[in-house]
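Peer 1: Letter by letter, the chains look like this.
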Amino acid sequence: MSSHSRPSPRGLPAVAGLVILAGALGGCGGAEGVEGADVRVFAAASLTDVFTELGQQFESERGTTVEFNFAGSSGLAQQIVEGAPADVLAAASPAAMAQVTDEGRGSGAPTTFARNRLMIAVPAGNPAGVSGLEDLTDEDLTIALCAQEVPCGAASARVFEAAGLVPAPDTFERDVRAALTKVELGEVDAALVYHTDVLAAGDVVEGIGLPEPSEGVNDYPIVLLAGAFNPGGAQEFIDFVLSDTGRATLAEAGFDLP
Amino acid sequence: MTRTSRGSGIPPVLLVPAAVGLLFLLLPLVGLLARAPWADLGEHLSDPAVLEALRLSLFSAFLATLVCLVLGVPLAWVLARAEFRGLRLVRALITLPLVLPPVVGGVALLLLLGRRGLIGQHLYDWFGISLPFTTAAVVIAEAFVAMPFLVIAVEGALRGADRRYEDAAATLGAGRWLIFRRVTLPLVAPGISAGAVLCFARALGEFGATITFAGNFPGVTRTMPLAVYLSMETNPEAAIVLALVLLFVSVVVLVSLRGRWISGASS
Chain R
1 MSSHSRPSPR GLPAVAGLVI LAGALGGCGG AEGVEGADVR VFAAASLTDV FTELGQQFES
61 ERGTTVEFNF AGSSGLAQQI VEGAPADVLA AASPAAMAQV TDEGRGSGAP TTFARNRLMI
121 AVPAGNPAGV SGLEDLTDED LTIALCAQEV PCGAASARVF EAAGLVPAPD TFERDVRAAL
181 TKVELGEVDA ALVYHTDVLA AGDVVEGIGL PEPSEGVNDY PIVLLAGAFN PGGAQEFIDF
241 VLSDTGRATL AEAGFDLP
Chain A
1001 MTRTSRGSGI PPVLLVPAAV GLLFLLLPLV GLLARAPWAD LGEHLSDPAV LEALRLSLFS
1061 AFLATLVCLV LGVPLAWVLA RAEFRGLRLV RALITLPLVL PPVVGGVALL LLLGRRGLIG
1121 QHLYDWFGIS LPFTTAAVVI AEAFVAMPFL VIAVEGALRG ADRRYEDAAA TLGAGRWLIF
1181 RRVTLPLVAP GISAGAVLCF ARALGEFGAT ITFAGNFPGV TRTMPLAVYL SMETNPEAAI
1241 VLALVLLFVS VVVLVSLRGR WISGASS
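In order, the protein sequences belong to chains R and A. Reminder that position 89 of the first sequence reads as 89 in the numbering used here, one-by-one numbering, no gaps. One rule links them: number in the numbering used here = place in the second sequence (from 1) + 1000.
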């Protein structure tokens, strides 16, 4: 038998050492995560950039650290309903928020703090010559839409329905950032994403506005969660998002303000 | 190889961690069964979207296994029999997809085979072929993630196989290709079928590389794991039913084919 078929005796202590090291590091990291985070915020994927910035501003102003969990709103809502430890939820749609508040997991009524409108995103230079919503019904183009299960997908469906158009997508992406990435890589000719995502992508993506934006507008509600570990700090963070400083940061990122 | 049972009784001290380990692996599945909406099961199962996803999953996992057999068996043979500098590195690189997050594999495939990718741009410019968002992309993603399982299994079988049969065939005048087909392959057939089963099961469960590289469209690229993931966003009951179907199919595949493999090995 060759030496490859079983681990060498010298290899075993090395493996054991690695496992112990990883365990020790993991243990430290975990403890720090629990003690270090004063407020835990679950926020929609489309808020990733702006909330990270708001969190830093809040931290330097108040000395309270904020830890974020960014993902698709509906997924976050499911996690909270199943008991995930969170102080605040900022969702990308009232429907996703209702998943939480209907289960009695909200503390008080949610507040709408921002609005986002859908936009057609195309790769820089618009190689396929997309000019409007009608082009997204073209079978010959490669189109990405958000899956209907997530807020940007539900909003996209409303936009097409209002326009009386049947889209011809090639993929339903799991969240708006995944759809944006496919545009950034040039793998699709167009995608429906949020205005803020087009801005965040910089020069590699161009945006085309929708003629009738009202159907493609999503309200972003924020709520203090029942059973929050730090209700005081969490409410302070919500107030900060709603403050003039918070509103200015949101507007700068391309959000509309209620 | 034969093993005697003398002195191989199980030390009692191992029984407790073994039992905990077993529970750790099985209890999550019990959680799934406990929460399953049994009353509405029929209704969920007759949903055409579920059948479509299941059919696509089985079809693409079957094709991915074929790809792995055609490419993986020769690769395993080279790894087991060839001698060259850097062999250990090659072996390590081949097993990389086993430990790599599948999403990373998906990103890599997209950057290689996407229509702006290293190879993909030429496919697109010269032949008008764009792989992402096609069933072919699903098969490629699944084969990428599953092939190491086959290669490892077959390589192990080849190393364990008795070389004297091949040597005997050679002294009788058989050529290398004939020996490979008529002596080596039958000798390691149980290893190949074991690897193929693992490969198929892994391909069936593939999620990360698929959704990243192939995208998600009903009937074309939405396999069962993707359907489970998206249902979980808004309709956990449907997700649980889909997960049960996938679990059931996986168990059937593993039990039935593994049984065949073991009986093949002992005969």
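Some hints here could point you the wrong way.
Unchecked claim - To give an idea of the chain R side of the interface with chain A (calculated C-beta under 8 Å), a few residues: (1) E67; (2) N69; (3) G72; (4) S74; (5) T142; (6) V150; (7) T171; (8) R174; (9) F240; (10) D244.
No lab work stands behind these hints: they were computed from the structure. Where is the CB? At the ideal position from N, CA and C, for every residue including glycine.
Peer 1: Against each hint, give a clear statement of whether it holds in the structure.
Peer 2: Evaluated hints:
1. E67: 22 Å, violated
2. N69: It is violated, given that the least Cβ distance between N69(R) and chain A is near 15 Å, above 8 Å.
3. G72: 6 Å, holds
4. S74: 4 Å, holds
5. T142: At about 7 Å, which falls below the 8 Å cut-off, the nearest Cβ of chain A leaves the hint on T142(R) intact, so it holds.
6. V150: Holds: closest Cβ of chain A sits about 6 Å from V150(R), inside 8 Å.
7. T171: 3 Å, holds
8. R174: 6 Å, holds
9. F240: 29 Å, violated
10. D244: 34 Å, violated
Checked against the numbered hints given earlier, the structure breaks hints 1, 2, 9, 10 and satisfies all the rest.
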